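Enquirer: Sequence:
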Amino acid sequence: MREDWIEIGQLAEFPAGEAVLRKDTAGNRYACVRTGDAVHAVDDRCPHQGYPLSQGCVRDGVLTCAWHNWKFDLATGENQFGGDPVRRYPTRVENGRVHLNRAVDRGAETRRLLASLRAALSRDEMPRALREALRLSALGLPLGEDSGLGRMGVAFEVVARDGAERAEYGFDHGLAMLADLCAWVERGWVQPEEAFVAGAHAIAEPSIHLPPRSKVLAKQGDRALAAFLGSYEERQEHGKIVAALENERREEAESRIRELCESEGTEGVRVALLPFVAQHQLDYGHGAIFLAKACELARRFPAVADDLLAASVVQLSWATIDTSLPPWAATRAALGRVNEALGVRGDAGGGEMEDADRAIYEAAVLAGERQAADATVVRLGQGVDPVALLRAAAHAAAVRVARFDEAWEQRRDAEVSVLDVTHAVTFAEAAISLVQGKSAGSGAGGVGGVGVVGGVGVVGVVGGVGGVGVVGGVGSVGSESGASDEHAARLAVLAASFVGKLRHADGEAPRPAKEASGSLSEALASRDVGRALAITEALTSEERLAAYAEIAPFAAFDMAVRPILTAHAIKMTEALHRLERGDTQADGAYLRALVAYIVPRRPEFQVRRIAEVARRFLRDGRPPESLY
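According to UniProt numbering, the stretch in the sequence shown is residues 1 to 628, in order.
Worth flagging that the hints you see were computed from the coordinates, not collected in a lab. Hints may be right or wrong, so weigh each one.
[Stated by the list, open to error] The calculated SDA-like cross-link candidates involving lysine to any residue, where the alpha carbons are at most 25 Å apart (straight line), are:
1) K514 to A538
2) K240 to R332
3) K240 to P211
4) K23 to G77
5) K215 to R111
6) K23 to L11
7) K240 to I321
8) K71 to G96
9) K23 to Q10
10) K71 to N95
11) K71 to L130
Computed from a predicted structure; not experimentally measured.
Full structure from sequences and hints, please.
Expert: Printed below as a string of structure tokens:
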């Protein structure tokens, strides 16, 4: 650090124990307090709202701001009451004259701001967190420059690390939401400061005051890690990772994933975990959804990839295996026939469905779990590409979201909401992302970006960079993606069955469109669903894609108050945008589903429902009414 000393006056001019103001020729202001033969100097602007600390009072080495009573230790700059610490400046006295070094030690300042930012996140103090994030960004550090987020990249990376380390049961909604918000900042859909607050709050709120989870150390008991996990070759065996997860050996699974991440990177982890998430429907789809988002964040922030992917494994280790439950018998039976279907088709896989057959298939998916599962297995046997089936299932899921019967959300004997149906969309999109690998990233040509030709992601077996061949706009499974036909096929069965399982969510008729007057933004702001539907139904395919950018700020900042609801709105907006972009048969159903979902005012905290469900359960011991 190059020092920059200036003289600020005679020592005798500084009264003991009182704050005085000093300025330099550039107009910078310093609050100075004499203690004996030394002088402490801090920024005159209070880090809270900028009021002058030089007008505050001093008592026992603590400077108190007169406006909001924030208190700062003069010896360290630490905040004793309030929030942000204050920046201190070195001083010295020579021949009775006081000198101040106004140069900023970027290393020390970085450490100070990082510590304060992490403290703000632990307390869910968003104004403080953003102030420190902006100060950190203003240092111009090279950290996070490759994230696609500019100077704010380092602050977003800190939030990602904090969420990965402190989420009690691993990767959660806040981190998934952060992945999409980062993509939106990169595209210019939302402002970075607003996205930071929304994402950081969603991550911090459920983990408030929680310490970091204990990381798996280099030793397990008295045994060295190498002995615990086996030889180097054994430590790299993907099957052992899956076995550890299946048997809920969480520390072993996390240890193996951290080591695999170090040796093979994010793509190696994705390939290793894909067999596990393709076995069953996990945690109402969150197993696949969160793994896909963890991979996206890990690609964007490689410095914290191990923590992010380890958090995903922790979540997987706690996940409920939904398809092992009695109601999912038809899905289990279909999964048992997948390999037989793949064997029948032989080398004829990778085909698409004609428009008419896709319509027939989607009708079967919407009819129910058994019909969806059976129709998927039949088409796998006919050589239809699993990704084409996933896209069709996602389209059917969007149709089901638009049909949602809002009477469910008014019932007090049930816990059903529209979110129960939105997961069918986000699961199918996540499955596509996991099958296709890094080529299905969310960026706008930057980190995790996808080249776009005619609105369709084009990555290639021929002349491309991923493992997904694109013929006519439908991605097919390729060897470089690390996804076998079996994994992709199982995910297709799971996605279709999930949509079919939710048939009881449908209302008698979808919301009608009204007159298409005014702008889409105006319709969103007024919560006029019918007008918003009419506007979107009149759009061309190119205009529909552009509409997602217009909707994004509403979804992120206006649709809901509770972070959990905001997280789902953001994830749905991003998932439907990707599906619209990647589906050559897109017909407006994706955007229609999004508008029908996010525009209405929905219940956020239903006290009477919570009370009624609890009373009924304690009275008769039965679970609440559900969709299946």
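Enquirer: Determine for every hint whether it applies to the structure shown.
Expert: Going down the list of hints, with the structure as the test:
Among the hinted pairs, K514 with A538 is consistent with the structure: their alpha-carbon atoms are about 12 Å apart, no more than 25 Å. For a cut-off of 25 Å, the pair hint linking K240 to R332 stands: about 24 Å separates their Cα positions. Under the criterion of a C-alpha separation no larger than 25 Å, the hint pairing K240 with P211 is inconsistent with the structure, at around 30 Å. Distance restraint check for K23 and G77: the Cα-Cα separation of roughly 19 Å lies within the 25 Å cut-off, and the hinted pair is therefore satisfied.
With a CA separation close to 22 Å, the supplied pair K215 and R111 stays within the 25 Å bound. With a C-alpha separation of about 15 Å, the suggested pair K23 and L11 falls inside the 25 Å cut-off, and the hint holds. At roughly 19 Å between alpha-carbon atoms, K240 and I321 fall within 25 Å of each other, so this suggested pair holds. Distance hint between K71 and G96 is unfulfilled; the C-alpha atoms sit about 29 Å from each other, more than 25 Å.
Annotation: proposed proximity of K23 to Q10 holds, straight-line Cα distance about 14 Å (limit 25 Å). Pair hint K71 plus N95 does not hold up; C-alpha atoms about 32 Å apart against a cutoff of 25 Å. Between K71 and L130 the alpha-carbon distance is near 20 Å, which keeps this suggested pair within the 25 Å criterion.
When each numbered hint is compared with the structure, violations occur for hints 3, 8, 10.
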